[in-house]
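For the record, the sequence lines run as chains B and Y. Numbers in the numbering used here are just positions in the first sequence, counted from 1, shifted up by 27. Numbers in the numbering used here are just positions in the second sequence, counted from 1, shifted up by 3.
It is worth saying that the hints were derived from the structure and are not from the lab. Among the clues, some could well be false.
[Said to hold, decoys possible] Cβ-to-Cβ under 8 angstroms is the rule here; a few derived chain B residues that face chain Y: (1) Ile-43; (2) Thr-47; (3) Leu-95; (4) Tyr-96; (5) Tyr-101; (6) Gly-109; (7) Glu-112; (8) Lys-116.
Built from N, CA and C at the ideal position, the CB exists for glycine as well.
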Amino acid sequence: MKILAVCGFGVGSSMILKMTIQKALNELNVKGDVVNSDISDVKSQNADAIFTSPDFVNDLKKRVNTPLYPVKKYSDLEEVKGQVEKFLKDQD
Amino acid sequence: MMLNYYITEDYIDQMLESIEKFGTYIVLADEFALPHARPSEAVKKTGMSLLVVKNGVDLKNNDVKLFIVLAAKDSTTHTEVLQSLASFLMEKQNIKDVINAERVDDIETILEKRWK
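Bound-form chain B, shown alone:
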């Protein structure tokens, strides 16, 4: 399983989001790869899910078929965990 964490530049915020997702996966006892990327590089990454800001969702919807999970606050563990759980449920 591969999850992509996306922000505008791929150097700061998406890295933080990646770590929050990893922490959520650990707490849920689920194994998975989390990779971060900038918005322009999304297409080259093959992922099962994309976690990103609600501001990017519409733009990404037009470009990729990967399921999108919006996250408002990238280091809010409860919010991220909620979206990870939603993603896992959608996988079943």
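Take the given structure of chain B and dock chain Y to it, following the hints.
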């Protein structure tokens, strides 16, 4: 950071442009923002700078009281420090305690104890 030659004025413009272009996802937690732009010539040294605004700043309808500016010279040097930052931010009480600190010394003590 500009005065200490970590960044040039261009970097400040780039950080502002990023908010206009991409929105406010740099508000990573309630009352916390991580202003930054992509690594560029405008960054002379990788570093971070912390600012507490007790009364808060309205960042497009987000009330932000704690800012940490990130200046990254490349896309790898700062990875470790971001790991520490991520863990620090996930404990929401840490953000509250830094904002409520009365003196710079108190902020340093909080960071010394809880920044891993």
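Given a cut of 8 angstroms on the nearest C-beta pair, is the interface hint for Lys-116 of chain B held or broken against chain Y? For Lys-116 of chain B, the interface hint is violated, since the closest Cβ of chain Y sits about 23 angstroms away, which is over 8 angstroms.
If you take the shortest Cβ to Cβ gap from Thr-47 of chain B to chain Y, is it below 8 angstroms? Since the shortest Cβ distance to chain Y is 6 angstroms, the answer is holds.
Please verify that hint: Gly-109 of chain B, Cβ, nearest Cβ of chain Y, below 8 angstroms or not. violated (14 angstroms)
Tyr-101 of chain B was flagged as interface toward chain Y. Is the shortest Cβ-Cβ separation under 8 angstroms? holds (5 angstroms)
May I ask you to test the interface hint for Leu-95 of chain B with respect to chain Y, counting a Cβ-Cβ separation under 8 angstroms as satisfied? violated (14 angstroms)
Is the interface hint satisfied for Ile-43 of chain B? The criterion is a beta-carbon contact with chain Y at less than 8 angstroms. holds (5 angstroms)
Using 8 angstroms as the Cβ threshold, decide whether Tyr-96 of chain B counts as touching chain Y. violated (14 angstroms)
So, as I understand it, the hint says Glu-112 of chain B touches chain Y; can you test that by seeing if any CB pair is closer than 8 angstroms? With a closest approach of 17 angstroms, the Glu-112 of chain B hint is violated.
In this structure, the earlier hints numbered 3, 4, 6, 7 and 8 are contradicted, and the remaining ones agree with it.
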